[in-house]
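K.L.:
Chain by chain, the residues:
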Amino acid sequence: EAQVTQNPRYLITVTGKKLTVTCSQNMNHEYMSWYRQDPGLGLRQIYYSMNVEVTDKGDVPEGYKVSRKEKRNFPLILESPSPNQTSLYFCASSHGLAGQETQYFGPGTRLLVL
Amino acid sequence: QKEVEQNSGPLSVPEGAIASLNCTYSDRGSQSFFWYRQYSGKSPELIMSIYSNGDKEDGRFTAQLNKASQYVSLLIRDSQPSDSATYLCAVNKGGGAQKLVFGQGTRLTINP
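As given, the protein sequences belong to chains W and D, one line each in that order. Just so you know, we're using the working numbering here: the first sequence kicks off at 10 and counts up by one. Just so you know, we're using the working numbering here: the second sequence kicks off at -14 and counts up by one.
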């Protein structure tokens, strides 16, 4: 089954404790992206990647890191989480080609930073 | 001005009626437009994509694009209670970059 998976689905942590949210897709997509979703603010892009070893900042990259060492994986790293990073996070992927830009979303990771 | 604007609603429509959802965008260079549906607690799923001016129909859904007015809409005919969700408008600003910008979403409720 074609899908985007994220782990963990739910996470409670404390301020300053490094964490990684994994994202993996099995559709051989070049493009992957991370979003956060907050009430009243909608979906905002954190980082995106056009291909292996190619990443770029989205609209809200502060406090986040990403890497793209393999095509299928795009982990999101919070080196020193803070309470304002409490949010619902979605990973997405697409072919990234003109006319094939549809993004497929993972199930989401709900993060609470205390 | 927000890059992509939607009325957050809630929009309440009786079952069987037409639901009309609207979205405006600020970047005239935007090239592709998407409507996603998101049920509470779930991830967004694509309903329609539209790239050219005019209407595009898929079942009960019709997307309308007017680039001159920087306006894109989604019509849902014969609305069903299962259509109750938040609808997200997304705009790809083009230029080869996958910068998809989302609106805040419109919460739609279909009343039986």
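To be clear, the hints were calculated from the coordinates, so they are not data collected in a lab. Worth double-checking, as some hints may not be accurate.
A short, non-exhaustive set of chain D residues, derived as facing chain W with CB atoms under 7 Å [what the hints assert, rightly or not]:
no.: 1; residue: A2
no.: 2; residue: S5
no.: 3; residue: S28
In silico DMTMM-like pairs for lysine to aspartate or glutamate, Cα to Cα no more than 25 Å straight-line [as the list claims (entries may be wrong)]:
no.: 4; chain 1: D; residue 1: K52; chain 2: W; residue 2: E71
no.: 5; chain 1: D; residue 1: K27; chain 2: W; residue 2: E10
no.: 6; chain 1: D; residue 1: K84; chain 2: W; residue 2: E71
no.: 7; chain 1: D; residue 1: K(-13); chain 2: W; residue 2: E39
no.: 8; chain 1: W; residue 1: K80; chain 2: D; residue 2: E30
no.: 9; chain 1: W; residue 1: K74; chain 2: W; residue 2: E110
no.: 10; chain 1: D; residue 1: K27; chain 2: W; residue 2: D68
no.: 11; chain 1: D; residue 1: K41; chain 2: W; residue 2: E110
no.: 12; chain 1: D; residue 1: K(-13); chain 2: W; residue 2: E110
no.: 13; chain 1: W; residue 1: K66; chain 2: W; residue 2: E10
no.: 14; chain 1: D; residue 1: K(-13); chain 2: W; residue 2: E62
no.: 15; chain 1: D; residue 1: K27; chain 2: W; residue 2: D47
Computed list of chain W residues with no C-beta within reach of chain D, every gap over 12 Å [what the hints assert, rightly or not]:
no.: 16; residue: E10
no.: 17; residue: T22
no.: 18; residue: G25
no.: 19; residue: T29
no.: 20; residue: N35
no.: 21; residue: S42
no.: 22; residue: K74
no.: 23; residue: S91
no.: 24; residue: S103
no.: 25; residue: Q112
We put the beta carbon where it would ideally sit given N, CA and C, even for glycine.
K.L.:
Work down the list of hints and note, for each, if the structure agrees.
P.N.:
Going down the list of hints, with the structure as the test:
no.	hint	verdict
1	A2	26 Å, violated
2	S5	20 Å, violated
3	S28	4 Å, holds
4	D:K52 with W:E71	33 Å, violated
5	D:K27 with W:E10	18 Å, holds
6	D:K84 with W:E71	17 Å, holds
7	D:K(-13) with W:E39	29 Å, violated
8	W:K80 with D:E30	22 Å, holds
9	W:K74 with W:E110	24 Å, holds
10	D:K27 with W:D68	22 Å, holds
11	D:K41 with W:E110	17 Å, holds
12	D:K(-13) with W:E110	22 Å, holds
13	W:K66 with W:E10	30 Å, violated
14	D:K(-13) with W:E62	31 Å, violated
15	D:K27 with W:D47	14 Å, holds
16	E10	15 Å, holds
17	T22	21 Å, holds
18	G25	28 Å, holds
19	T29	20 Å, holds
20	N35	16 Å, holds
21	S42	7 Å, violated
22	K74	19 Å, holds
23	S91	24 Å, holds
24	S103	7 Å, violated
25	Q112	6 Å, violated
Checked against the numbered hints listed earlier, the structure breaks hints 1, 2, 4, 7, 13, 14, 21, 24, 25; every other hint is satisfied.
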